[in-house]
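Residue numbers (this note's numbering), protein chains in the order written: chain A, 1 to 285; chain B, 1 to 305.
Because the hints were derived from the structure by calculation, they are not lab data. Among the hints, erroneous ones may be present.
Said to hold, decoys possible - Using 25 angstroms as the maximum straight-line C-alpha spacing, the simulated SDA-like pairs for lysine to any residue come out as follows:
#1 A:Lys241 to A:Leu214
#2 A:Lys241 to B:Ala269
#3 A:Lys241 to B:Asp172
#4 B:Lys294 to B:Phe284
#5 B:Lys294 to A:Val116
#6 B:Lys294 to A:Ile108
Each chain, letter by letter, is given below.
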Amino acid sequence: MASRVDPLETMPVSRFARSIRRGLRLWFAALIAFLYLPIVFMIAFSFDDSSTPGLPIQGPTLRWYDVMLHNRQLLRAVGNTITVAVIVAVLATIIGTMAAFVLVRGGIRYRNATRVAFMLPIMVPGVLIGVSLLIYFARAADLQLSLVTVIAGQLVVTVPFVVLIVASRLQGFDRFLEWAAADLGASPRQAIRHVVLPLIAPAILAGALISVTLSIDEFVITWFTVGSQPTLPTYIYTQVKFGVTPEVNAVATVMLVATLLIFASASVALGRARRVTGRRRRPTL
Amino acid sequence: MTTEIVGGATLAPPRSVDDGWAARLRRLAPFLPAALILVGLFFVPLGVMLFFSFWRTDENLNVVPTLGLQNYANFFSNPAYVRTLLKTMLMGAGVTVVCLVTAFAVAYFLARYVSRQWARVALLVIIVPFWTSYLLRVYSWQAILGERGALNQVLMSVGLISEPSRLLVYNDIATFIVLVYVYVPFAALVLYASLERFDFTQLTAAQDLGARPDQAFRHVLLPQIRPGLITACIFVFIPILGEFLTPAMVGGAQGLLIANLITNFFGNALIPEGAALSFMIAAFVVVLLIVFRKYLRVEDVYARG
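Given these sequences and hints, build the entire structure.
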């Protein structure tokens, strides 16, 4: 790989090089503005005093946050969301991590096919998963839709994510460390417990945090599998459909901050995972 | 296989004693829960849906278990449905092209002109909106593009228009804009991942050897990032086939896409009809994914910080 500062780069290759570069920089700035525009508006509207959010924004107020905190239904939806997210994250992390180990090391026969099979739920549009689960639960299995079916539906997408993240870290794992542990008398179980797990812990943590984020924000599959107890996104959707509800902007802002905090921790964890397993002295196996 | 280390000694990994099926089962046991979820909650429901799609709904909206292909035939004999299907494909193709061009310019800029460290920060900034609630982002576009939305109010206060315009809301243009908004981060991540591996001195070399810049671009750069381009296409096009929220929120009555037909079928308790349409799309998507499985580098999108 060439080093980044290339002597040739400093020579103008074309007369237009400089303006192309300037144009690209503007394009990049425009994209960032485009991506953050709705988010900025959402936050701004949450402090807007008028009850039909719009420009110009009238004097900052915390009124909608207050309304939000006194909305019983909404708080119940928040409670449901948190319950679901915690259960989904714990289950997905355990199940996904175990599967990742077998997938990378377990001598599975159709490994590539298995890998593709695990990517399907991530790639197949959520509406199709949701609809098929709705038929399956409500018609074929005659189950009552509830938070349990919501959890089941969300596991379909979160487990593959955890498998993916943990497997990709395990792949770069230096197995000499484990063999060294074995040489020093560790049983396979001890080697996993004291050598492997601590080293891939950041990836597992990242998987768990991403599961939480996905679960909190999951709308499409949840919409089809939810019963009478709404989660926050399905509650917001029904509210928004009925008309303008300014406190939604306040809820959205709080959710945004919460997801960003979780996502930031996941990124930090992943970054750490990369550093740990980044030394690619991979034995040929 | 063994690895040689200095001094001529060889180091062999501890070999697992080969085993009967019981031991094999024990080794594969940790895989079972995930396999159960994948099979029991993904493949089986798709199969059940296929089964339902052959049944039909009677006048009282009861599902009658008579096997037949009438739901599939009815779908294709209804011009409105077929038109929606074609529109969805066109919309998907259009959004994919716009996303790819936009994202390519950005990824090229980051890979070529920005240090790797800052490029990573920039990518993080690009991907953060993706991890915030999809529902809420679409909702706030409504507040921007809407009839009384921010865009109209700004245009009116500047004096460009005198009354609220409905040009950009509750139609296909609004859906198009929001879909580009939702999927452009994917494309940027994937394209950056492949451009990051490209050695840009090759472009200079090609030009040294007499290629025009556009020739160097077409014959040197493009072939090398083709896997990335295909991955990006898949990542943008396929989800659009399942988009019902964006059209429902900003697309208005005439801006519906194919997935809205699905939700409408289910909303009207026409379950076999909805199942048939869902299964067709699911089959199409799964075939696409299997054909392009080599390019399914989901890690490039999700597993990087």
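Results of checking the hints against the structure:
1. A:Lys241 to A:Leu214: 23 angstroms, holds
2. A:Lys241 to B:Ala269: Holds, because 20 angstroms separates the two Cα atoms, which is no more than 25 angstroms.
3. A:Lys241 to B:Asp172: Status holds; Cα separation ~19 angstroms.
4. B:Lys294 to B:Phe284: Given that 25 angstroms is the threshold and the Cα spacing comes to 17 angstroms, the pair holds.
5. B:Lys294 to A:Val116: Roughly 9 angstroms between the alpha carbons, so the hint for lysine 294 of chain B and valine 116 of chain A holds.
6. B:Lys294 to A:Ile108: Holds - the C-alpha atoms of isoleucine 108 of chain A and lysine 294 of chain B are around 19 angstroms apart, at most 25 angstroms.
Of the numbered hints listed earlier, not one is contradicted by the structure.
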